[in-house]
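Student: Guided by the hints, dock chain B onto chain A, whose structure is given.
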Amino acid sequence: MLPAVLFLVAFMFYPLAYTFYLSVFDVNAANFIRGGAPFIGLQNYGEFLSSPGFFPSLVITLIFTLGSLLFQHTIGFAFAAFFNRGFPLSGFLRAIMLVVWVLPAVVSASLWRWIYSGSYGLLNAFLGFLGIHTEEAWLTNPNLALIAVIVANVWVGIPFHMLLLYAGLQGIPSSLYEAASIDGAGPWQKFRSITIPMMRPVILTTLLLGFVHTFKAFDIIYVMTSGGPASATNVLSIAVYQLSFNYFRLGDGAAAANILLAIPLFLSIVYLWLRRREESSL
Amino acid sequence: MSVAPAPRVHRTRRKWHLTAIGIVLVGLFIFPLYWMITTSVKTPDELFASPPTWVPTHLDLDNYAITVFGNAQMMRSLGNSVLISVGTTVLTLLLATPAAYAMARLRLRWTGLLLLPFLVAQLLPAINVALPMFALFSQFGLVNTYQGVILADTVNALPFAVIVLRPFYLGIPRELEEAASVDGATRFQAFFRIVLPLVRPGLVTVGVFAFVMTWGSSCSASPWRPSRSSSRSP
Chain A
1 MLPAVLFLVA
11 FMFYPLAYTF
21 YLSVFDVNAA
31 NFIRGGAPFI
41 GLQNYGEFLS
51 SPGFFPSLVI
61 TLIFTLGSLL
71 FQHTIGFAFA
81 AFFNRGFPLS
91 GFLRAIMLVV
101 WVLPAVVSAS
111 LWRWIYSGSY
121 GLLNAFLGFL
131 GIHTEEAWLT
141 NPNLALIAVI
151 VANVWVGIPF
161 HMLLLYAGLQ
171 GIPSSLYEAA
181 SIDGAGPWQK
191 FRSITIPMMR
201 PVILTTLLLG
211 FVHTFKAFDI
221 IYVMTSGGPA
231 SATNVLSIAV
241 YQLSFNYFRL
251 GDGAAAANIL
261 LAIPLFLSIV
271 YLWLRRREES
281 SL
Chain B
283 MSVAPAPRVH
293 RTRRKWHLTA
303 IGIVLVGLFI
313 FPLYWMITTS
323 VKTPDELFAS
333 PPTWVPTHLD
343 LDNYAITVFG
353 NAQMMRSLGN
363 SVLISVGTTV
373 LTLLLATPAA
383 YAMARLRLRW
393 TGLLLLPFLV
403 AQLLPAINVA
413 LPMFALFSQF
423 GLVNTYQGVI
433 LADTVNALPF
443 AVIVLRPFYL
453 GIPRELEEAA
463 SVDGATRFQA
473 FFRIVLPLVR
483 PGLVTVGVFA
493 FVMTWGSSCS
503 ASPWRPSRSS
513 SRSP
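So the protein lines, in turn, are chains A and B. Quick note on numbering: the first sequence equals residues 1 to 282 in my numbering. Quick note on numbering: the second sequence equals residues 283 to 516 in my numbering.
Since the hints were made in silico from the structure, they are not lab data. There is no bait here: all hints are sound.
To give an idea of the chain B side of the interface with chain A (calculated C-beta under 7 Å), a few residues:
#, residue
1, LYS297
2, LEU300
3, GLY304
4, ALA408
5, LEU413
6, PRO414
The beta-carbon is built from N, C-alpha and C at its ideal position, and this holds for glycine as well.
Isolated chain B (complex conformation):
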């Protein structure tokens, strides 16, 4: 297996065959996904046909129309997922934004110490958090509530959010804030007017990740999720 980059001569002419191999390999790799999508638009007869058909003969959107959009239970689950994911994303951003800022601006000796818990939290098996959470929530009456699930999912998403967000703050020179304070801005004004707009790409990244992580999570929530959320039919 050679990983040496080939000489630049004949670059495009020689490399299209690699593209062909790549398409075949990646095609094989994502074949199960293709299968999932085609199956979702097959008719019931075709679904259980033996041998199965590789390409659906008719496009049948009934699975989506009836099972998903025409099914109150399913729509409720979908609504739950949206509500919980959005709630978690908002809460994660609210908590991570100031926390990551503080960790970017603190003195060096302390950041190492503070960063460690966030890294360790990444190692935690979801079940280690789910168990004490369940115990706590049942004492505060949060089991089977949206607030409970949002809190639990935020614990999942938060460490990651802080770790990803911190470097964005580090990239903003302190001088900018100092200049603002010379002009008479308070620390908070400097933060909201100058720093925050500059880290917007970071906030978007973190928000998307928090949403995706929460959307896909089931373990942290399954003991107390209001109604099981599932995401695809059939």
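If we strip away everything but chain A, and leave its shape as in the complex, we get:
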């Protein structure tokens, strides 16, 4: 059985090693197939980091990731707390919400693209219903596109946060709340002194997983805007894609891909380290 494992590890880590290999050569369309791309060390990294597009792209990625996480998490928490009160049909309603989560990204992205469309979009129809008449094409306005994409991504992500947080809430023994009630604690006090401390590991794990998944998000943005308009939603993963497959600068693309990978990897290591320290201090 061991050969299977070795095969798998090689199969998955070879691409990674190959990305690193590509990233230190000046690979382009001409010398890619033929071979013989010159070795240029870390120059691709330097070029990408100092290119005018990098910093805005990083900022957009961070706004997208943190904005999505903030709303996914708070709304997901609210749903989880609501479902945790246990009422008839709550299991059924939770299952329905999960449908949104398993929707293929291409489908949810097309759906939102079309909610945001100018003359026959659902959003404008809804605003018209409220008495605000507009023909705004949300995704082609550079000032609105990023927010629009974040809203769509929040929608997709809520069920995931709800699911994990709900499982965490279920794990808190109700005796704690009963004891607190006897001591005269109000709902806010119970939430602050019982729910939050008990949920800390679950909250951290959910946020980390959410961060990693959102930071590398590609499909949903690519389908909705392809990084446009005017680079307003050009997150790092799209920048990598464009470098590699639109301009065919594979060396630069590989370097950029490694930078994209480095950030969530670094965060995961910090997280593991924090957890280990916390566990040993207990």
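Tutor: Relative to chain A, chain B alone:
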């Protein structure tokens, strides 16, 4: 926001109002889905009506009949999706089944080390895999082939499959296999006759996940997919 479970007295009588609130909230949440489904059965006139109609007036299945089932290109895409998803599911199961078994049975010190790559692989941006894959595939002539896409999608699905499958094997006591070998079964016989039937629920779970993940994936494949697969009309 209180998350304290309410006292058990008056349980059902008091909680139906929560169900009502829940239905409204979830209804709002999945409204875009409702819209997608109703739009797919609207007539062209109704589709672009301003203001839009909230409930379709006629049920019009032309979108499905003509655009999907009557469209050779679309049917081809659908066929591609099925072929690739099934291929990936089969390959993932073939690879994950023995791998997860090995990881469940190895000594503790090694499993931690071996599990790590699978966890890290979960972090990989799809694009990080797509780029070197594209480079490799173009050297082996796999770009624009089904085999290429299936291989690429398997790389996506595999780490997850192994991680999910491992606990199923852990739940099977070693003694069962030992008993089989006492009765004269070889390791392989013990695996195929005893262990495998017991992890069937795990295999089903993993298979379904691999299928769903592949069906929805587009990034890993878009640079070399034979023909773009799309899944819904209009």
